[in-house]
Amino acid sequence: MMKALVTGASSGIGREIARLLAARGYDLILCARREERLRQLAAELPTACRVIAADIADERECRLLYEAVRGEELEVVVNNAGFGLFGEFASTSLEEELRMIDTNIRAVHILTKLAVRDFAARGRGYVLNVASSAGFLPGPLMATYYATKNYVLRLTEAIREELRRAGSPVKVCALCPGPVDTEFNKVAGVRFSLGGLSAQRVAREAVGGLFAGRGVVVPGAAMKAMTLARHFAPDCLLARVTYHFQHRKNGG
53 MMKALVTGAS SGIGREIARL LAARGYDLIL CARREERLRQ LAAELPTACR
103 VIAADIADER ECRLLYEAVR GEELEVVVNN AGFGLFGEFA STSLEEELRM
153 IDTNIRAVHI LTKLAVRDFA ARGRGYVLNV ASSAGFLPGP LMATYYATKN
203 YVLRLTEAIR EELRRAGSPV KVCALCPGPV DTEFNKVAGV RFSLGGLSAQ
253 RVAREAVGGL FAGRGVVVPG AAMKAMTLAR HFAPDCLLAR VTYHFQHRKN
303 GG
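Position one of the sequence shown corresponds to residue 53 (this note's numbering), numbered consecutively onward.
FYI, nobody ran anything at the bench for these hints, they're computed from the structure. From the three backbone atoms N, C-alpha and C, an ideal C-beta is built for every residue, glycine too. Accuracy of the hints is not assured; some may be wrong.
As the list claims (entries may be wrong) - Derived Cβ-Cβ restraints for the label pairs, each shown as a range:
id, residue 1, residue 2, range
1, Arg292, Pro221, 38 to 48 Å
2, Arg122, Val293, 27 to 37 Å
3, His296, Glu119, 27 to 37 Å
4, Ala120, Arg256, 27 to 37 Å
Build the full structure now, drawing on both the sequences and the hints.
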């Protein structure tokens with residue numbers, strides 16, 4: 053039986069990816085901190101679901117999560133859990149930023165490392181790491197968040213090349229959406245001046261791209277254009293433009 057692990061499955065992109073994987077026949081292991089929401093989602097899905105409430109910002113809980121599921125013969129791992137924080141670097145909470153690094157980087161690194169090792173040994177498997185279009189840019193006013201997503205993007209691209217050179221059938225993919233209509237905005241303390249894509253659309257493009265073997269998925273024509281346009285501007289200019297955008301989206 054095909055099985056998939058989805059972190060951050062209680063809302064937004066993670067929840068919609070879980071729905072799409074279930075529609076493809078995958079049994080699911082759903083992970084997030086909010087157990088009640090996970091159980092509500094599990095009750096809606098047509099395939100068997102196992103619910104694991106865990107805070108993967110805690111390294112011990114992250115490792116225990118993988119140990120709890122590695123015997124399930126996973127075929128797909130989706131690293132979706134993550135959050136952002138708005139504000140000038142000098143004034144934002146150090147504690148919250150360290151927690152962000154633990155969630156957005158450390159947990160993704162641990163689960164990707166363990167999954168790729170197991171998948172490579174078995175000769176099959178898929179890893180989807182949810183990065184962001186933020187990963188392509190310097191991000192004043194969300195400096196730590198942008199940096200974490202750059203890490204996820206570059207890590208995924210590097211692993212993909214290693215697997216390609218080894219002739220491995222294992223596929224890794226980075227999802228890099230722009231603004232999305234999810235709870236992320238409330239947690240980060242921002243509001244977008246431009247409308248975001250729906251979580252359903254982003255999830256569709258993510259799952260389709262993953263199984264098509266794509267290395268990076270950027271949903272939406274506007275974000276695709278932005279990722280191309282960045283090649284024609286120096287980083288100092290991109291930082292100024294990003295600051296202006298971030299300032300506006302917080303009502304400045």
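Structure-based check of all given hints:
1. Arg292 - Pro221: 38 to 48 Å: holds (43 Å)
2. Arg122 - Val293: 27 to 37 Å: Roughly 44 Å apart at Cβ, these two residues miss the hinted range, so it is violated.
3. His296 - Glu119: 27 to 37 Å: The hinted range 27 to 37 Å is violated for His296 and Glu119, with Cβ atoms some 46 Å apart.
4. Ala120 - Arg256: 27 to 37 Å: holds (29 Å)
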